[in-house]
Amino acid sequence: MNNRIRLLRAEKGWSQAELADKVGVSRNSINSIENGKFDPSLPLGFRIAHAFGLSVEEVFDKEDAFK
Amino acid sequence: MALTFKQKRALYDGGLIILCLGLLVMVIWREAFPPGLHTGLVIVALIGIGIVNTLREAHKEAQLDEMQLAAASFGARWAVTIPITMMLLLNFFPPIRDTAIAFLEVLAGPSDSPFPPLLRVFVMGMVLAVILQLAGKSLIAAIWTWRKR
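Same order as they appear, the protein sequences are chains A and B. For the first sequence, the numbering used here assigns the number 1 to the initial residue and increments by one for each residue that follows. For the second sequence, the numbering used here assigns the number 1 to the initial residue and increments by one for each residue that follows.
If you are wondering where the hints come from, they were derived from the structure by calculation, not from laboratory data. Do not take every clue at face value.
Capping the alpha-carbon separation at 30 Å, the derived lysine-lysine pairs in DSSO-like fashion look like this [unchecked claim]: (1) B:Lys-148 <-> A:Lys-67; (2) B:Lys-137 <-> A:Lys-12; (3) B:Lys-137 <-> B:Lys-148; (4) B:Lys-148 <-> A:Lys-37; (5) A:Lys-62 <-> B:Lys-148; (6) A:Lys-67 <-> A:Lys-37.
To be clear about the criterion: a stretch of chain B counts as covered by chain A if any three or more of its residues have a C-beta under 8 Å from a C-beta of chain A, and this derived list gives those stretches [unchecked claim]: (7) 66-77; (8) 102-114.
It should be emphasised that the depicted structure is a prediction, and the values quoted were computed from it without experimental measurement. Note that the Cβ used here is the ideal one computed from N, Cα and C, for glycine as well.
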């Protein structure tokens, strides 16, 4: 699923490891989600969005879910 | 006082090492123990190793995130293909089949072992199948994770 995690992370100046630490997953998981290779569960999606202070739809491309 | 994840892991690792060393000592210095006590202690050590190892694995798994769990699940579902592939190769691919037959002839040959040759071959086959399946599980999970980079 396409998302803006890389961009948002760059804005905050966070590394993948830092974001991983904030949402409680491994750095590899953040890398795979960022690259659109792994779709996070609903709770993890919410945790990622919450870490950036945004809604899920502002982080993840909802159009991808209907393809 | 509640133990942290690292402290618990160290506790399980330490317990497992102590039990394995204890088992090794009992197997090597068999004559140092009275026969009944020796058998009892070996059984207790084996049960202890099983319990501590299960607790250790469960503790490790509780820390996995959803992607790591997905990788482990994929690996477990497809691991059986590795022993099946190996079995097909053993049966139908002559160079591997001949190597396996040569190995089995040595295994089934004359030995001091109290176990009959057929049982030795059967046990070795079972052990190899389990090792292949476990190795296959890790390998497939690693490939799955690598493809998701």
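So, against the hints stated earlier in the document, which numbers end up violated here?
Result: hints 2 and 8 break, sorted rising.
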